[in-house]
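Asker: Using the sequences and the hints, build the whole thing.
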Amino acid sequence: MLEKMIFGRYVPGNSFVHRLDPRSKLLFVFLFIVAVFLANNTATYALLLAFTLLVISIARIRLYFLFNGLKPILFLIIFTLLMHFIFTKEGALLIDWKFLKIYEEGVRQGIYISIRFLVLVLMTTILTLTTSPISITDGMETLLNPLKRFKLPVHELALMMSISLRFIPTLMDETDKILKAQLARGSDLTSGTVKERIRAVVPLLVPLFVSAFKRAEDLAIAMEVRGYRGGEGRTRYRQLDWQWRDTVVIILFLVLVVALFWLRGGN
Amino acid sequence: MDISLQQVGYSYAKGTPFEKRALYEVNASIRTGSYTAIIGHTGSGKSTLLLHLNGLLKPTEGVVRVGDVSITADTKAKELKKIRRHVGIVFQFPEHQLFEETVEKDIMFGPLNFGIPEEEARQRAHELIRLLGLPEDVAQKSPFDLSGGQMRRVAIAGVLAFKPSVLILDEPTAGLDPRGRKEIMELFTKLHKEEGLTTILVTHSMEDAARYADQVLVMHEGRSVMAGAPEEVFGDAERLKAFRLGLPRSVAFQHKVEKLFGKRFGTLALTEEQLAKTIAEALKEEGER
Ligand SMILES: Nc1ncnc2c1ncn2[C@@H]1O[C@H](COP(=O)(O)OP(=O)(O)O)[C@@H](O)[C@H]1O
Ligand SMILES: [Mg+2]
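As given, the protein sequences belong to chains V and F, one line each in that order. The numbering of the first sequence is numbering that gives the first Met the number 0, which starts it at 0 and goes up by one. The numbering of the second sequence is numbering that gives the first Met the number 0, which starts it at 0 and goes up by one.
Hints in this document: simulated from the structure, not taken from any laboratory. What you were told as hints is all true, and nothing was included just to trick you.
DSS-like, lysine-lysine: derived pairs with alpha carbons at most 25 Å apart: (1) F:255 - F:240; (2) F:19 - V:179; (3) F:75 - V:70.
Answerer: Next up, the structure:
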């Protein structure tokens, strides 16, 4: 039932984007998130959108699949768009129909913010869709390594992240199973008053927590038994490998930033 | 309630790259009051099939008929809830669904959801605690304080509590000790016989399928490949082997004895008791000659 949701999932593949080093991808996405805030006019927002679509096509992800999987988030974006249409009252009046007054500035702001939100979600989704959770954490750990000097527990954070990523699908499966079991006992999450619906979540959450704690305990014991002692002196099975493509990605990013500055409206 | 499946197909995550076909053109018919065993290798689609029988999954192709309701790909959710009132399902490791503060409350969860009055539900819960051989004082305990076997019994009680007319069991004895296993299987047989409960059992135990069922359905790679009385299905060792299934121990032993005697016995020994009788008769015949 939750199987259509793709936010945070990984689909193996062999595209240019799939084969990139996780470090270049992480770096790129992080810098891209910052760069998105440079956009301030139609040209720059159009550029961001076009660039994102280009990345999607290079990663060979089907648009239908992407948007179908992000439906809940798209609803949120459309909601934001409508809020702006209705509540921003600046610029020329475009539509005046009974209570509804839509102004030019509202439409503009709404579209800008929606595009910003959309490209951020799409980029991060492309990152997780094309990079295995292990690669993401490996890349993260290496990138954050310099911060060890400031007593940041980098290895432990990376471990926590990889464990959480590892257990997301497991918890989803578990939720699905428990949901089915309670539905079979006549529980109903889709009808009734808000209060009834909230109460209907309890039979779902309690077993889920019980099993999550049990799993955590089992995992801790299994790690201890196999002699896990933290990051000190630990070697890696998979070595990260920076290649020409990764340098291309960074150059591409610089080109994007230059273009954004060039197209940006002055203020 | 008669149940029938016609050309039922199902794919998980249809329309995504994760699409996974689990059922192909499955046909089956389960009569009211029958005891059907579904056997098949792991991943052959048994659990997926069960989920169709009480509307937790809708077929992507074909029709599932439960009583007078037909379920197809476009059946509405409301229709499905009606079916669940009559078709109870005990999932694999059902103890994972317990959540209430007390055992009594947990057993009452189903009945209350289906609109059974509270007093009646409570009374039913206490009856079931007794029927399942749990100690009386368990009613006010937390289900999480019980042993694994006791939790399993409470979970089963939670399904029996709303008196379904069809009971679906997905490997109900997996992970239990031999004695608990036998007790629970005997209980289901008793309910089947005394209350006419239509029973559908998914099991890895050929012995259980042979002993308890009056109809056996074999699943293989998402297809229904054999169906019939246990004598028929277990009489065809060659085909079962092709589906990576073995014979009940008593039948396998009978084959060995037949080899020794150099002749075939008339009936197939589906249980140890039957096997003993068959051999005794054969020996007697031998002695007379
Ligand atoms: N929630 C699910 N999502 C995707 N595939 C599934 C899911 N559940 C089962 N499957 C797949 O469907 C097939 C049949 O599984 P299942 O019905 O559980 O078989 P069985 O109960 O006979 O072991 C298997 O290949 C399994 O991997
Ligand atoms: Mg199964």
